[in-house]
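Q: Each chain is listed here by its residues.
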Amino acid sequence: MNSWSGRRLREGAVTFAALALVFIVIAVVIETALGRSDSRIATEFMLIASMVVAIQAYVGNSGLISFGHVAFYAIAAYVAGLAAMSPSDKERITPDLPAWLMQLEAGLPAAVGLALLAVLIFAVFTGVPFSRMNASVVSAATLALLVLVHSVINLWNGVTHGPLGLVGVPDLVNTWVVLGTSLIVVAGALIYRASPWGLKLQAVRENEVAAAALGIPVAKMRFVGWVVSALLMALAGSVWALNSLAFAPSMFYFTDTFAMLAMLVVGGLGSVSGAVVGAAIITVLSELLRGLEGGLDVGGVSVPELPGIVQLATAGLILIVLIARPRGLFGNQEIGGLRPRHFALGRGRS
Amino acid sequence: MSPELLIQQFVNALSIGSIYALLALGLAVVFSVLGLLNFAYGEILTITAYAIVLLVGAGVPLAIAAVIGVIAGIGMSLLTEVVAFRPLRKAPAYAVVFSSFAVSLIVQSLIRNVISPRPQGLAVPGWLDGVLTLGSIRIPVLAIITIVIAVLAMVALTSVLQGTKQGLAMRAAAEDFQTTRLMGAKAGRLILLAFAVSGTLAGIAGVLWILRTGSASPDMGFTPLLQAFVAVVLGGMGSLRGAVLGGFALAFVEVALQVFLPSAIVPYVQAITLLVVIAVLYFRPQGFAKKIEERVA
Chain A
1 MNSWSGRRLR
11 EGAVTFAALA
21 LVFIVIAVVI
31 ETALGRSDSR
41 IATEFMLIAS
51 MVVAIQAYVG
61 NSGLISFGHV
71 AFYAIAAYVA
81 GLAAMSPSDK
91 ERITPDLPAW
101 LMQLEAGLPA
111 AVGLALLAVL
121 IFAVFTGVPF
131 SRMNASVVSA
141 ATLALLVLVH
151 SVINLWNGVT
161 HGPLGLVGVP
171 DLVNTWVVLG
181 TSLIVVAGAL
191 IYRASPWGLK
201 LQAVRENEVA
211 AAALGIPVAK
221 MRFVGWVVSA
231 LLMALAGSVW
241 ALNSLAFAPS
251 MFYFTDTFAM
261 LAMLVVGGLG
271 SVSGAVVGAA
281 IITVLSELLR
291 GLEGGLDVGG
301 VSVPELPGIV
311 QLATAGLILI
321 VLIARPRGLF
331 GNQEIGGLRP
341 RHFALGRGRS
Chain B
1001 MSPELLIQQF
1011 VNALSIGSIY
1021 ALLALGLAVV
1031 FSVLGLLNFA
1041 YGEILTITAY
1051 AIVLLVGAGV
1061 PLAIAAVIGV
1071 IAGIGMSLLT
1081 EVVAFRPLRK
1091 APAYAVVFSS
1101 FAVSLIVQSL
1111 IRNVISPRPQ
1121 GLAVPGWLDG
1131 VLTLGSIRIP
1141 VLAIITIVIA
1151 VLAMVALTSV
1161 LQGTKQGLAM
1171 RAAAEDFQTT
1181 RLMGAKAGRL
1191 ILLAFAVSGT
1201 LAGIAGVLWI
1211 LRTGSASPDM
1221 GFTPLLQAFV
1231 AVVLGGMGSL
1241 RGAVLGGFAL
1251 AFVEVALQVF
1261 LPSAIVPYVQ
1271 AITLLVVIAV
1281 LYFRPQGFAK
1291 KIEERVA
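Top to bottom, those sequences are chains A and B. Residue numbering for the first sequence follows this note's numbering, beginning at 1 and increasing consecutively. Residue numbering for the second sequence follows this note's numbering, beginning at 1001 and increasing consecutively.
Chain A with its partners taken away, still in its complex shape (with noise of 0.2 Å):
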């Protein structure tokens, strides 16, 4: 009951490296290639990538949705930008901080340890209650705590700057930064889907009565899974936070939720593969179509403005997939465990 699954073991060992080597090229065409604009939204993909995958690790593992995720992505971010920023500024735009976070003007890593524990601390108050829920309640639930933090967020004026946001988080991370915090969270979501809490977590997603009849703790194993889901969310969070200077609570609220939960659902819930796939796909969607959302001449011919069709787009897409293949593309497999025979030309040839 308590050992690791061996086959996921050799089958994550895969997946990372050739997760590992897209991100690598990524990262060395961002370096190389790529102009300010382009190396942005590559790094900013980067980055997205890596928290769909945080969000896989509880969704996929547990089968329960969470909307409550952008929650934790959000107090990451809020507490790495104010511990890195300079006392000056924060004297300025929030000055009801308390005195030692004033005073701190942290580096890189005392920053987003700072981030992990106030995240760890808010994941545990919650993950008790949350993981004793049923299933259908969970996800009304975790829709409630993204409300709850998003509306403090955003009226706490003196700690947090209100609607207006944080300004002046200064430039503590560059590219390889970027891609080891993405390196770290893939294989942190890899080896808990291998380890004996991942896979007592998957038995309780396929049969809650039977895995309880086995003896598996559920509730115990829910909370595990919430708590390290949201660890690997708050690291990838408060890089974010250090890579982008200024945010504001409007970033952290439904558009993201959505978009990051439809990239795992196109993807497929139960793969760390899916994730980034999925991710892909919607970041190249919502690119192509960005420049159609304030209207454009194409040739002479004049695009009216069509406010949201990104999310018009990407909410088709999701109904499609999810009619043609409830279960995403990738469904519970990833690439490293994939054999040919899931290849249609792989059959034809043998």
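Any given hint could turn out to be false.
[Stated by the list, open to error] Where chain B lies over chain A, by a calculated footprint (3+ residues, C-beta under 8 Å):
1. 122–133
2. 141–150
3. 316–329
[What the hints assert, rightly or not] Short, incomplete list of chain A residues facing chain B, as computed with Cβ under 8 Å:
4. Ile-65
5. Val-137
6. Leu-155
7. Leu-261
8. Val-265
9. Gly-308
10. Gln-311
Bear in mind the hints are in silico, worked out from the structure with no lab data behind them. For every residue, glycine included, the Cβ atom is placed at its ideal position computed from N, Cα and C.
Once you've looked at the hints, dock chain B against the given chain A.
A: Just chain B now, with coordinates in the frame of chain A:
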């Protein structure tokens, strides 16, 4: 606080509570049959509200616009079943959460593109803004209308559930859907009926909501969706009586926090309410009503 003010706030809580109760009831009707939450539920109110705003803007009297608005709401509810629920009957529960969520976003995007991203105001007739004065107590006309309409709707629903064969089938389905099917109830028709009832209740709530707020916006459905979730969760998922209780409980907590908290904290009322709800769920993961039902049974 003076007794007059206390009575006024009590009526206020009662009127907000009756809207929440309707909302919760509509969400619970579908949940009790399918065991799934409809994340496109708020869009029923949105559609109703937009129908009313557009019709009143075109010169249609408010009462007729309201009726058409409710019918449009029922249409939205049935459409959700056909598009987001029916194709995924055999899929895992999370797939339906996402598909209904996707429908909700599609409706919002379409309204943004076809009508306008900006809120649309409704010219509410003057008499609705009136205030009744009983001695030193002042009660808004709209509060009374809200309570009366909501109570009538709930009485009508109860008599349908208690008095008709379809109502009996729905109550049975809420207890045990599989057994109800074995007894000969047609599953597809029963589910469609549940969505129709859900759409009616949400549509009526939508009429009361737009009269209260006076404007319709593309994402207006979110707040009522969240309130309905909270009320249903508080009331013990799937229990219809619990949903009504949960709706009133939520309204009384909200109004009490607004009245008794120092004014500096009032903007945080929504956050505190959600915190109270999570605290309640900590001690009673099944909500209030489950306990009562188990005792009866």
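Q: Now, for every hint given, state plainly whether the structure supports it.
A: To see whether the hints hold, each was checked on the structure:
1. 122–133: That given contact holds, which follows from 5 residues of the stretch 122–133 of chain A lying within Cβ reach (below 8 Å) of chain B.
2. 141–150: holds (count 6)
3. 316–329: holds (count 7)
4. Ile-65: holds (5 Å)
5. Val-137: It holds, given that the least Cβ distance between Val-137 (chain A) and chain B is near 5 Å, below 8 Å.
6. Leu-155: Holds: closest Cβ of chain B sits about 5 Å from Leu-155 (chain A), inside 8 Å.
7. Leu-261: holds (7 Å)
8. Val-265: Val-265 (chain A) check passes; min Cβ-Cβ to chain B is 5 Å, inside 8 Å.
9. Gly-308: holds (4 Å)
10. Gln-311: Constraint on Gln-311 (chain A) satisfied, holds at 5 Å.
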